[in-house]
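There are 2 protein chains.
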Amino acid sequence: MGVSRERWSKKFSEWFDDVLWKAEIYDYGRYPVKGCGVWLPYGFKLRKNIIELIRKLLDETGHEEVLFPILIPEDLLAKEAEHIRGFSGEVYWVTHGGTDELDVKLALRPTSETIISLYESYWLKSYKQLPKKYYQIVSIFRYETKATRPMIRVREVTTFKEAHTAHHSFEDAERQIVEALKIYMRFYDELGIPYIVSKRPDWDRFAGALYTIALDTLMPDGRAMQIGTVHLLGQNFSKAFEIRVQLEDESIDYVWQTSYGISERAVASIISVHGDDHGCTLPSNIAPVQVVIIPIWIKGREADINKYSKEVYEELKKGGLRVEVDERREIGPGAKFYEWEAKGVPVRVEIGAKEVDENKVTLVRRDTLERMVVKRDNVLDEVKSLVSNIDRSIRERAKKFMFEKIIRVDNVEDAKRIIAERSGIVELPWCGRASCGHRMEEVIEARTLGSPLPIIEKVDLSDAKCAICGREAKTIMRLSKTY
Amino acid sequence: MGVSRERWSKKFSEWFDDVLWKAEIYDYGRYPVKGCGVWLPYGFKLRKNIIELIRKLLDETGHEEVLFPILIPEDLLAKEAEHIRGFSGEVYWVTHGGTDELDVKLALRPTSETIISLYESYWLKSYKQLPKKYYQIVSIFRYETKATRPMIRVREVTTFKEAHTAHHSFEDAERQIVEALKIYMRFYDELGIPYIVSKRPDWDRFAGALYTIALDTLMPDGRAMQIGTVHLLGQNFSKAFEIRVQLEDESIDYVWQTSYGISERAVASIISVHGDDHGCTLPSNIAPVQVVIIPIWIKGREADINKYSKEVYEELKKGGLRVEVDERREIGPGAKFYEWEAKGVPVRVEIGAKEVDENKVTLVRRDTLERMVVKRDNVLDEVKSLVSNIDRSIRERAKKFMFEKIIRVDNVEDAKRIIAERSGIVELPWCGRASCGHRMEEVIEARTLGSPLPIIEKVDLSDAKCAICGREAKTIMRLSKTY
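For the protein sequence lines, the chains are X and U, in the order given.
For the record, in the first sequence the residue sitting at position 207 is 1270 according to this note's numbering, with numbers rising by one throughout.
For the record, in the second sequence the residue sitting at position 105 is 1168 according to this note's numbering, with numbers rising by one throughout.
Everything labelled a hint here was simulated from the structure, so no lab data went into it.
Some hints could be false.
Which copy is meant is left open, so a pair is good if it fits within one copy or across any two.
[What the hints assert, rightly or not] Distance condition first, Cα-Cα at most 27 Å in a straight line; then the derived DSS-like pairs of lysine-lysine:
1) Lys1108 with Lys1119
2) Lys1417 with Lys1302
3) Lys1142 with Lys1544
4) Lys1188 with Lys1417
5) Lys1521 with Lys1362
6) Lys1196 with Lys1111
7) Lys1468 with Lys1108
8) Lys1119 with Lys1380
9) Lys1111 with Lys1438
10) Lys1142 with Lys1097
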């Protein structure tokens, strides 16, 4: 491949900040409140396309979009005891309206299980209404005391898709967990983002859930990033909020709930996983611009070149592509290449006097920066095939990068060395005891991501012993440095 | 017309609350924070279609969508002195993160002139970048101490479209004011909502603006409701935030700004202005469902009726209509009519045994509830023509209702009597002095809406005298009870 991904993977954090700015995605770092940023027009379009993709997947599977208030009174947030214990340290509190002190402090929603449960207690009366699946796409707030990072760890998460479902039985709630995982897997598949699915250890579940399953991807610097979570809430919230329905046998019971979320980390993962030294490489399904045409102005030939560019533009547009012509005269082609490469546009079409004279166009693919000259008459087919070729190629490249960095070992020393030397994810046999899990974290100096799900992947344990206590391994534990 | 709009116009407020609930638009009144509500799935779709309409109009005219943070530090909000004076009494303040008291109080944005101006001071350097037009669609917050009312006066306005523009001259900013007005007028024209455009009196302009122009419509109870505002900010914010650019003559100057907003009152106006005793009547361009097919089940004929309904469904869908079949068996047709009428679906198609046997369909139009039987073969054309007929008809009905209630008088006694007896809007000759305007408000017991704009309508003053002081009238003043 023609593009170095060297510098990029070494100084990932600087690279990321730089690309957000250079590609005009997100203005971060100069807002007077730490952990807040501004979505710029191009970034906003990218974000919007990604939101539309998840929206489509949710709508298709019977999820209904709603919108709940941001302000949650303290007593409501505190109704589920474990939930408030988990969140209270990082909640922003509104205490005043104008000069009045409020009677009850209001939290800026850190997540919406509590308020949605309150309304489910009003709305749900019968098993006939179940399963019920709601979702909303909103801002959530976390008073982060750790180092913040654009899109990845922020105080206002401006893009949080949270789904909340209610069911008549434990089994149906678990079926929903599988549906949610399938939706998230398909979402990331369509974005070419590789992931692993792990059941988080018990000490890392969502506050108020029975268990949490997460999707993690691997960032260029070898650290894992959580990009989606799915929680079985059981009856914890339904009991706290009295969400009771009549079942088919006419008995009354609390509903069973799940919730699952994806944030703007989805955007961060696309930028990071597919990026290189030149900036982003965007999958075509969510790229705001799929093809950019750059007329190479030559004195005396402007009219020809312009006409030819416009014709190609019209043809690509009619062919269903999101295409733009960069007609600016005040900057040269080099500067334009630089800009559109940073923005991750999959295909660049260059049109100069030579192309016009020979009835051809020059195509440059974003992932490898390879150039090719094709016949004008075939331009639509060639571009379309190139676009899907790029999509496939970046997906495979990303997969290869990630799965090469997931290493199975049988002892903590190797695991520690691997994490220290090359980062990535290590997998160790584990007896399932919390004490051994915690010990792994300490020795390896990495965080536990949890264990594979049997419904998604088979784990071959073949007499493996827990890497800490030596007892029979029940599963494997994954560990990584994390974001 | 077959539908009574009597009860509806008399007890508007109760009617409105009832329809929001009955039509499953907005769950209001039982949230533990006053002035907050929940958008239900059907209401969310309606809201989304309305948002898409304004988004289209803004995108077409070169506005770029962005997203700024919700949290605004106190010192930033206070930078433009008049602005903070206007808003400080109704700002929600975040004072704590977890258990930490924050160093600087954070406001929940009441509007975004301040933060957008801050970033414009970073981004704008040259007249070549101008005009620059940004917009965002976000939640804003007002600590309302007055009586709240769903969508109309709330504490979290969940749907606020705010546009912010920057220009190289006063003239260009005023040109933008006209563009903004045209966009808003077109928006409401497409929704069939009548309006008047008035320059608000100086004592009622936006805090920090040179002047404010507003669109008002008339609610069924005869009270005016502001449904859009456009502000010339001049250089007030650009001076406070140091937004300076190089002009064409190489001098440096502060930019000239405008801002303009539309809120979820747009949704409230559609529901109210076009509604009747049965609920909503939605214009087809934003109706989540444009046509509902109700199979009238008859024992032994279910299969026929079902097949016929599906065929009609497919044909209407292929014809580009948003159509649904209500196949539910557990409730009868009457209950279905009631539900879909409340939801405002423009056309109902009834299909029973008779329709199948005679190869016909029965259509019922939402505005008048008139029934008509048409040939099956013409169904698509008939439905389409009916839909546009309804759109035209509700637009005209609304216009007639509003403009009959705008009365020009020459003295305050008549004005007072009209407002007391039949509400609506009165227009009085006015000398332009604030003291006379205030006096009108006191005597008539109504609020000043302001004066017509010469660019939009001609006002014939023909020697009229100010209704308060008897001096020569410079314009007219409009007054109404308001929301």
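Structure-based check of each hint:
In this assembly of identical chains, Lys1108 and Lys1119 lie within 27 Å of each other by CA distance both inside one copy and across copies; the values are 16 Å within and 14 Å between. With identical chains, the CA atoms of Lys1417 and Lys1302 are never at most 27 Å apart, being 73 Å at best within one copy and 51 Å at best between copies. Taking identical chains as interchangeable, the C-alpha atoms of Lys1142 and Lys1544 are never at most 27 Å apart, the minima being 34 Å within one chain and 43 Å between chains. For the identical chains of this complex, Lys1188 and Lys1417 are neighbours neither inside a copy (72 Å) nor across copies (37 Å), given an alpha-carbon limit of 27 Å.
For a Cα distance limit of 27 Å, the shortest separation of Lys1521 from Lys1362 qualifies neither inside one copy, at 64 Å, nor across copies, at 52 Å. Within a single copy, Lys1196 and Lys1111 get their C-alpha atoms as close as 22 Å, and across copies as close as 19 Å, so both meet the 27 Å cut-off. Taking identical chains as interchangeable, the C-alpha atoms of Lys1468 and Lys1108 are never at most 27 Å apart, the minima being 32 Å within one chain and 44 Å between chains. Taking identical chains as interchangeable, the C-alpha atoms of Lys1119 and Lys1380 lie at most 27 Å apart whether they share a chain (23 Å) or sit on different chains (19 Å).
When the C-alpha separation of Lys1111 and Lys1438 is checked against a cutoff of 27 Å, the pair qualifies neither within a copy, at 34 Å, nor between copies, at 43 Å. With identical chains, the CA atoms of Lys1142 and Lys1097 are at most 27 Å apart between copies only, with a shortest distance of 19 Å across copies and 30 Å within one.
When each numbered hint is compared with the structure, violations occur for hints 2, 3, 4, 5, 7, 9.
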